[in-house]
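Heads up: the protein sequence lines correspond to chains A and B, in order.
In terms of this note's numbering, the first sequence has 185 at position 143, counting the first letter as 1, and numbering is strictly consecutive.
In terms of this note's numbering, the second sequence has 190 at position 148, counting the first letter as 1, and numbering is strictly consecutive.
Please keep in mind that the hints were generated in silico from the structure rather than gathered at the bench.
Don't take each hint at face value.
No copy labels: a pair is met if it fits in one copy or bridges any two.
Derived lysine to any residue pairs resembling SDA-like cross-links, with alpha carbons at most 20 Å apart [unchecked claim]: (1) K232 <-> G129; (2) K116 <-> V98; (3) K148 <-> D122; (4) K75 <-> S119.
There are 2 protein chains.
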Amino acid sequence: MIGYPNKKSLPIRHEVKDNYMGRGMSLEDDLNKSNEYYLETERALIHKKPIPVQIVRVDYPQRSSAKIVEAYYKTPSTTDYNGIYRGKAIDFEAKETKSKSSFPLKNIHPHQVKHLQRVLDHGGIGFVIIRFCTFDETYLIDAEYIIKHYFQKESKSIPYTDIKTNGHLIKQGYTPRLHYLDVVDQCYFKEEACE
Amino acid sequence: MIGYPNKKSLPIRHEVKDNYMGRGMSLEDDLNKSNEYYLETERALIHKKPIPVQIVRVDYPQRSSAKIVEAYYKTPSTTDYNGIYRGKAIDFEAKETKSKSSFPLKNIHPHQVKHLQRVLDHGGIGFVIIRFCTFDETYLIDAEYIIKHYFQKESKSIPYTDIKTNGHLIKQGYTPRLHYLDVVDQCYFKEEACE
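Isolated chain A (complex conformation):
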């Protein structure tokens, strides 16, 4: 189970909006809207997976409704997004950071990196989308690049400049908010690989 650190040790109750902890117009939000747009325009079939939760107790306050009264976050065993694009299985994780200098690798769970390796092994397209909030820049980085850095013991983060060089800047707009499939086209559906 994931522990969410909190400054006070007494119980604190938080209201959760849309399963997302108040970060405004978040990367998750942008991706969900973009995926909706891609779905409606029949360009791709990509969904965010639900947050994995271990349900322990359920109440039935009314005949027709169930209320979960005890549940815990579980560590995700896969990435958050997957689906189908141009006949290929597509799978990715999305993370944002407030850092100006680098992307901290601890933001990604080891399980997720292992999962991305498996995606590649089984013939899927795998990548990570990273947003540097301060610069409002969002990059697509091929899974292989992330995997390589993740398992180098000495590297705890990937410098911003390296992501700028090795990743692919995603154009932002209104519909879709993130034109990330254009980058996928360019990286995975051309003769040259995404390097």
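Since chain A is already given, all that's left is putting chain B on it; use the hints.
Just chain B now, kept in the frame of chain A:
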């Protein structure tokens, strides 16, 4: 949100084991074990998606732990299982019925049927796995067959005999418990389609 009908109208508290409401060695359980086996033997990368839950309130009883104290089940917008097999995107729903005569189509949400149609449109492999508990028989039925029946207004269920004829019996064993990828091989990786 999904309503789970209950006989009494006063609040009743249920303990939930493994997110599954006490049906013993369930189809879900068998599929999860089979998918684990397929994952370990590197044959396929298929996962069950987490149950979609709308999280409303979270407590932090300790500095390092989060406890969800109010959440509700959401209607799933996709099927439960997806992944990659032999380079292809694979997507399916699994249902069991105690009926001896037919599979009730109300067991599948309209969203899920629409999703399966999209899986086919985007070039994926889509199907439904149906278990007739009484006979301990589990069938793989191609998505097209299910979609066709689902949207026929007059049909509220698919007769067992039709599933026996048009579906494909999945061999059961120990590892994996359900040899369903053998049926996938036979149906989707041969020159003839799965009819």
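Now for the hints, and whether the structure bears them out:
In this assembly of identical chains, the alpha carbons of K232 and G129 lie at most 20 Å apart whether taken from the same copy (15 Å) or from different copies (18 Å). Proximity of K116 to V98 under the C-alpha cut-off of 20 Å is found in both arrangements, the shortest distances being 12 Å within a copy and 17 Å between copies. Taking the shortest Cα distances, K148 and D122 sit within 20 Å of each other inside one copy (16 Å), while across copies they are farther apart (29 Å). For a Cα distance limit of 20 Å, the shortest separation of K75 from S119 across copies, 15 Å, qualifies, whereas the shortest one inside one copy, 24 Å, does not.
The earlier numbered hints are all upheld by this structure, with none contradicted.
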